[in-house]
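Quick note, the sequences are listed as chains A and B, same order.
All residue numbers for the first sequence refer to our numbering, where the first residue is 1 and numbers rise by one.
All residue numbers for the second sequence refer to our numbering, where the first residue is 1 and numbers rise by one.
If you are wondering where the hints come from, they were derived from the structure by calculation, not from laboratory data.
Model, not experiment: these values are computed from the prediction.
Hints may be right or wrong, so weigh each one.
[As the list claims (entries may be wrong)] Chain A regions said to be covered by chain B (calculated; three or more residues, Cβ under 8 Å):
#1 37-47
#2 67-74
#3 77-89
#4 107-114
#5 261-274
#6 279-286
[Stated by the list, open to error] Derived CB-CB ranges, DEER-like:
#7 GLY173(B) with GLU141(A): 29 to 35 Å
#8 GLY161(B) with GLY102(A): 19 to 25 Å
#9 GLY104(A) with GLY161(B): 22 to 28 Å
#10 ALA121(A) with ASP321(B): 31 to 37 Å
Where is the CB? At the ideal position from N, CA and C, for every residue including glycine.
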Amino acid sequence: MREDNNVAWFCTYTPLEILDAAGLTPERRFGDPASLESADIFLHPAICPYVRACLAVAIAENGPHHAVFVNSCDGMRRLYDAWRDRFRDDFVYLVDLPRNTGSGSEELLACEYRNLVRELAGAWGREVTAHDLVEAAREREERRLAYVSAAEGVYGEARLRLAMASHTLPLHATLPAAAGGGGERGVPVLLTGNLLNPAGLVRSLDRAGARVAWIDLCNGDRAFSSSTLPRGDDLDGILASLAHSYLDRHPCARMSEADRRQDLLVESVEAVGAKGVIYASLKFCDSYLYDFPRIQKRLQREGIPLLRLESDYADGHVGQLLTRVEAFLEML
Amino acid sequence: MGLVEDVRDLFIDRLTPSTVHSKVFWKAAESLARSPLNRPQWKADRVSLAYFLKSSRDAYLGRGPVVWCNLLVPCELVIGLGCTPFYPEMAAAVVASAGLAPRFIDRATEVGFSQDACSYHRCMLGCAVDGFMPRPDLLLAVNYPCDSAPLSFAYASDIYGSPEMVIDIPLPGRDGERSLLAAQLEEAAEVMAVLSGYSGSRTMKGLAEAIDLSNQALTHLREVEEIRKRDDCTLDGKDAMGGISVLAGSMGSRAGRDYYRLLAEELRQRGCAGGDAIRLMWMHLKPWYSQGLFDTIERHGARLVCEEYTHSCWEPMDPRDPFTSLAAKIGGHFLVGPVERRASYLASLAEEYRIDGAIHFNHWGCRQSCGGAMLVKRALQEKGIPTLILDGDCVDEREYQEGQISTRLEAFLESLH
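Hey, can you work out the whole structure from these sequences and the hints?
Encoded structure:
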């Protein structure tokens with residue numbers, strides 16, 4: 001049986017409650033944006049830079065490299081492939097994720113969760129019970145609420161760093177104090193996209209005078225915007241409820257719920273009083289490359305100004321973006 | 001200027017949406033296909049051309065319900081339900097072959113699609129934006145082989161106001177994978193039955209007929225494969241690669257069965273060319289607008305004897321149990337799930353076809369194939385098969401650096417001698 005309890009995770013559709021309940025310590029990885037080229041021997045350069053940055057760090061680190069992936073996109077699947085190939089002695093598992101919602105998809109996902117429980121028991125020898133799972137879910141909910149509370153009045157880079165700390169710190173650790181953050185007195189905007197480097201593009205938004213009041217990113221507010229607290233009495237029932245909760249979250253662009261995603265985006269713009277939307281995404285992420293033109297149309301209809309930016313995760317080019325951001329904010 | 005350029009300048013460049021939606025256009029195209037001017041290399045090609053012209057005509061003229069499908073949608077399901085399947089990814093290849101892709105790719109860029117996205121899908125979307133695609137009554141996408149189809153179909157769904165259905169193929173080997181997939185296929189069938197007005201019994205009869213025809217086609221396809229394995233077969237991979245459209249879009253039709261039957265017959269009649277050519281395997285797809293790479297291959301005494309996407313990779317199906325059978329067919333496809341399944345499949349193909357060397361064409365923007373290329377290369381190299389990875393673009397000729405690619409290809413081919 002395995003003894004090291006640390007398990008890496010990457011996608012916010014990872015059912016952390018199950019990993020917690022199995023006595024593991026899930027830790028989100030963000031990789032090193034500065035060294036992603038070292039992953040090129042395994043992954044093509046036209047693959048998501050976040051994926052390559054995570055692999056680059058893992059290659060350089062000593063193991064074990066236990067990891068749970070979600071089959072959410074081609075990038076994640078390719079990261080799983082490379083990780084599994086590279087770290088053959090470690091626990092490397094891929095959890096499936098349907099694109100659809102509804103009862104059939106919930107059944108598929110619940111089935112995946114049961115498989116994960118079984119695989120974890122096989123690897124670590126720990127059976128997840130209904131009680132363990134309920135307790136773990138309660139603690140995850142506490143963490144979520146702690147983030148929501150701590151993020152009050154925190155903007156931009158500081159807010160994003162707080163969200164990322166909430167993903168990486170062990171469940172019982174206290175979240176670091178975060179103060180106002182850059183751009184507190186700036187122009188209120190909403191940032192949407194996939195996943196960004198806080199020290200790159202997001203910092204430049206602060207500097208340009210934006211007050212990023214809501215961060216609809218995979219490493220930002222999105223994962224904390226709804227509860228995944230499950231219901232049910234027995235393990236199967238709780239897993240089914242958890243599957244429902246995960247599919248009911250604020251959706252990533254890869255889900256077949258574009259209308260709901262757009263509605264939530266527009267609602268968030270109104271809720272935080274944003275004067276415009278900045279759509280910024282990592283290169284080579286198909287989910288967001290195909291999503292942008294639809295979001296663009298919808299925001300045009302709503303009369304909400306929109307600026308599109310692109311990130312290579314290292315963001316060495318952000319200086320060039322500053323003028324565009326400043327012009328956008330001025331226009332607002 | 002060559003004939004192709006003349007025809008393009010005179011006719012194709014001047015195509016308008018109303019032209020491709022007119023009866024006259026399709027009548028002319030069908031007449032041309034039947035005329036002595038069209039001299040296909042294989043008799044079977046005449047069958048497939050007639051089939052695709054007819055189904056495209058029906059789709060463009062709105063003769064019956066039209067269902068857009070991506071590569072892994074089993075067309076037995078669509079044909080069996082009395083709908084016309086239309087594969088926009090294949091249409092993009094045709095547009096690229098005609099040299100028209102840049103115009104539509106640029107159109108997609110104008111409406112906000114990034115140049116980092118797959119050019120098959122950008123081309124297809126540009127065509128849709130400009131009104132050059134047939135209006136779908138339903139857009140049906142499965143979640144493999146790539147993310148692009150469900151996502152680009154969603155945009156097209158907005159253009160036409162037609163519903164999109166995405167089928168989630170579960171990961172292979174997981175509990176309940178077949179039943180969960182079969183249930184989704186049945187749900188898609190119910191939607192198509194409403195479109196075509198099929199009753200429950202007619203649905204099952206239609207599916208049984210389509211699956212029976214698909215099984216017959218599979219038998220002939222396997223004959224073709226056996227002939228191609230034996231020796232230096234006269235069917236070259238660069239021509240066989242176009243068979244991806246037959247495999248994806250006509251299984252379940254009479255034409256699909258007749259295509260493979262005729263091809264097997266003709267291959268037997270023509271016999272084997274013999275010789276000691278270097279045997280190559282091609283992975284992913286080719287640049288549709290240029291034959292340059294294949295001329296280089298031929299000049300070096302090499303032949304493509306095997307391609308990734310044109311082989312059978314499923315077992316005969318049970319016509320009485322269509323949804324479970326179709327779930328087994330697509331759920332077991334080598335492109336579903338982790339890349340190790342693809343790598344293992346390609347290593348087996350390489351062994352069966354006695355491959356001397358393999359070429360992986362990295363189509364720009366294709367995360368599923370480029371992303372797995374290094375692992376595939378290693379799997380083949382472990383079998384002792386030298387493998388070359390070439391970066392390029394199957395659809396956008398402006399992204400194709402022929403000189404650079406040819407130099408690398410030539411060096412590779414020379415190393416195989």
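Hint by hint, here is what the structure shows:
1. Using a Cβ-Cβ cut-off of 8 Å, 6 residues of the segment 37-47 of chain A lie near chain B, which meets the minimum of three, so the contact claim holds.
2. Chain B is given as covering the segment 67-74 of chain A, and this holds because 3 residues of the stretch bring a CB closer than 8 Å to a CB of that chain, at least three being needed.
3. A stretch counts as covered by a chain when three or more of its residues have a beta carbon under 8 Å from one of that chain; for the segment 77-89 of chain A and chain B the count is 7, and the coverage holds.
4. With a cut-off of 8 Å between beta carbons, the segment 107-114 of chain A has 5 residues touching chain B; three or more are needed, and the interface restraint holds.
5. For the segment 261-274 of chain A, the stated coverage by chain B is not satisfied: 0 residues place a CB nearer than 8 Å to a CB of that chain, which falls below the threshold of 3.
6. Counting residues of the segment 279-286 of chain A whose beta carbon lies closer than 8 Å to any beta carbon of chain B gives 3, which reaches the threshold of three, so the coverage claim holds.
7. One distance hint, 29 to 35 Å for the beta-carbon pair GLY173(B) and GLU141(A), holds here, with the actual separation near 33 Å.
8. The hinted range of 19 to 25 Å is satisfied by GLY161(B) and GLY102(A), whose Cβ atoms lie roughly 22 Å apart.
9. For GLY104(A) and GLY161(B), the Cβ-Cβ distance of about 25 Å falls inside the hinted range of 22 to 28 Å, so the restraint holds.
10. At about 34 Å, the beta-carbon gap between ALA121(A) and ASP321(B) stays in the expected band of 31 to 37 Å.
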